[in-house]
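> Sequence:
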Amino acid sequence: MRVPGLIDIITVRDPAALRAMAADPRLDRPQTGRGPLLNRLIARLARDTLKADNHLLPSGRAHDDHRRHDLRAALSARLSAPGLETALDGPVRDAAVYVAGGAGDPLRLAQGLLGPVLIDGFTPSDDTVAAAATIGRPLSGGTGQQVLDWLTGRSRRARKLLYGAANGDLNAVHAIGIAAQNLAASLDAMRAAGLATPAAKMLAHAMIAPKTVLRQGTAPAETLGGSVRAGTLVLLSVEDATRRTLDPRVAFLRDAWSGCPAHGFVPALRRRIWTEAGGAS
420 MRVPGLIDII TVRDPAALRA MAADPRLDRP QTGRGPLLNR LIARLARDTL
470 KADNHLLPSG RAHDDHRRHD LRAALSARLS APGLETALDG PVRDAAVYVA
520 GGAGDPLRLA QGLLGPVLID GFTPSDDTVA AAATIGRPLS GGTGQQVLDW
570 LTGRSRRARK LLYGAANGDL NAVHAIGIAA QNLAASLDAM RAAGLATPAA
620 KMLAHAMIAP KTVLRQGTAP AETLGGSVRA GTLVLLSVED ATRRTLDPRV
670 AFLRDAWSGC PAHGFVPALR RRIWTEAGGA S
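Count the sequence shown with this note's numbering and you get residues 420 to 700, in order.
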């Protein structure tokens with residue numbers, strides 16, 4: 420959609436084009452002040468939803484941001500830390516009970532699984548769960564919901580609360596505020612599948628990806644998704660492409676410069692929960 424001076428947006432749904440564009444460093448995280456009027460508004464809202472106590476989360480930082488590289492390295496180190504598997508014994512059991520049809524709040528369970536990865540001894544509270552739910556509404560609700568949230572400041576206050584609960588660890592804020600929502604949806608998908616579902620089929624369909632990932636052109640470029648100008652916003656429909664391909668390379672944007680370091684950890688965690696729940700092999 421292009422209206423000169425007003426808006427310039429490309430939506431990418433083709434999985435091959437999406438993977439290629441996600442890996443293209445000319446398509447960076449949105450910056451304020453680029454592109455036509457509505458692009459600037461959307462970019463500002465997007466950046467605001469990825470801040471905690473005025474600190475940009477890793478998922479809001481640019482390709483060449485040195486702090487992003489440091490945060491990525493810190494997360495990778497925590498994912499391979501000795502004793503992590505044992506630290507998750509209790510949260511895995513609780514999640515397995517839910518997947519098998521028992522009681523539980525999937526968002527609380529997801530925070531319990533991801534929080535201890537980054538915060539020693541972390542236990543979800545009513546406040547952290549409510550804050551994550553508040554953050555989720557503008558993330559999944561589109562531009563209109565983001566505008567409303569920006570005006571009310573609800574998500575901003577929720578992100579600040581999680582920043583305090585995470586002792587200022589920006590990776591942890593992302594984990595318990597944003598990533599936990601995808602994992603909660605994954606737990607729901609595993610529960611709905613039923614324990615008789617073959618593990619490979621269940622794990623593929625429980626692979627929950629972000630609805631969209633937003634990028635912005637930094638310079639004119641020809642891409643598989645079309646021509647991009649400086650300031651063009653590119654909506655990568657990751658959820659749709661993941662459902663069509665059931666490909667973890669799409670779900671985690673594994674080959675992109677922004678690829679999630681947890682692309683191996685999360686599938687292994689889901690499989691562990693499924694086994695604990697008594698799911699089929």
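Worth flagging that the hints you see were computed from the coordinates, not collected in a lab. Keep in mind the model is a prediction, meaning the values are calculated, not measured. A portion of the hints provided could be inaccurate.
[Claimed, not checked] Here are the computed distance ranges between Cβ atoms for each label pair:
id: 1; residue 1: Gln-450; residue 2: Ser-559; range: 34 to 44 Å
id: 2; residue 1: Val-516; residue 2: Ala-549; range: 20 to 30 Å
id: 3; residue 1: Gly-523; residue 2: Trp-676; range: 28 to 38 Å
id: 4; residue 1: Asp-472; residue 2: Val-566; range: 17 to 27 Å
id: 5; residue 1: Ala-699; residue 2: Val-422; range: 44 to 54 Å
id: 6; residue 1: Pro-444; residue 2: His-682; range: 17 to 27 Å
id: 7; residue 1: Pro-444; residue 2: Arg-662; range: 20 to 30 Å
id: 8; residue 1: Val-422; residue 2: Thr-451; range: 36 to 46 Å
id: 9; residue 1: Asn-586; residue 2: Pro-617; range: 20 to 30 Å
id: 10; residue 1: Ala-506; residue 2: Val-566; range: 52 to 62 Å
id: 11; residue 1: Ala-522; residue 2: Ala-699; range: 45 to 55 Å
id: 12; residue 1: Gln-564; residue 2: Pro-617; range: 30 to 40 Å
id: 13; residue 1: Ser-646; residue 2: Trp-676; range: 33 to 43 Å
id: 14; residue 1: Ala-549; residue 2: Asp-489; range: 29 to 39 Å
Just so you know, even glycine gets a beta-carbon here, dropped at the ideal spot from N, CA and C.
> Now tell me if each hint is right for this structure.
A quick look at each hint next to the structure:
At about 23 Å, the beta-carbon gap between Gln-450 and Ser-559 misses the expected band of 34 to 44 Å. For Val-516 paired with Ala-549, a C-beta distance near 22 Å keeps the hint of 20 to 30 Å intact. A hinted range of 28 to 38 Å holds for the C-beta pair Gly-523 and Trp-676, which are about 36 Å apart. Take Asp-472 and Val-566: their Cβ atoms lie about 21 Å apart, and the range 17 to 27 Å holds.
Our hint of 44 to 54 Å for Ala-699 and Val-422 holds, since their Cβ atoms are close to 52 Å apart. Between Pro-444 and His-682 the beta carbon distance is about 19 Å. The supplied range of 17 to 27 Å therefore holds. At about 27 Å, the CB distance of Pro-444 to Arg-662 agrees with the hint of 20 to 30 Å. Range check, Val-422 to Thr-451: about 20 Å between beta-carbon atoms, so the 36 to 46 Å window is missed.
In this structure the hint that Asn-586 and Pro-617 lie 20 to 30 Å apart at CB is violated, the actual value being about 41 Å. Between Ala-506 and Val-566 the beta carbon distance is about 40 Å. The supplied range of 52 to 62 Å is therefore violated. A beta carbon spacing of about 22 Å between Ala-522 and Ala-699 contradicts the range 45 to 55 Å that was offered as a hint. Between Gln-564 and Pro-617 the beta carbons are some 37 Å apart, a value that agrees with the proposed interval 30 to 40 Å.
Taking 33 to 43 Å as the suggested C-beta distance range, the pair Ser-646 and Trp-676 does not conform, at roughly 21 Å. Judged by the Cβ atoms, the range 29 to 39 Å given for Ala-549 and Asp-489 holds: they are separated by roughly 30 Å.
Going down the numbered hints, you'll see the structure goes against 1, 8, 9, 10, 11, 13, while the others check out.
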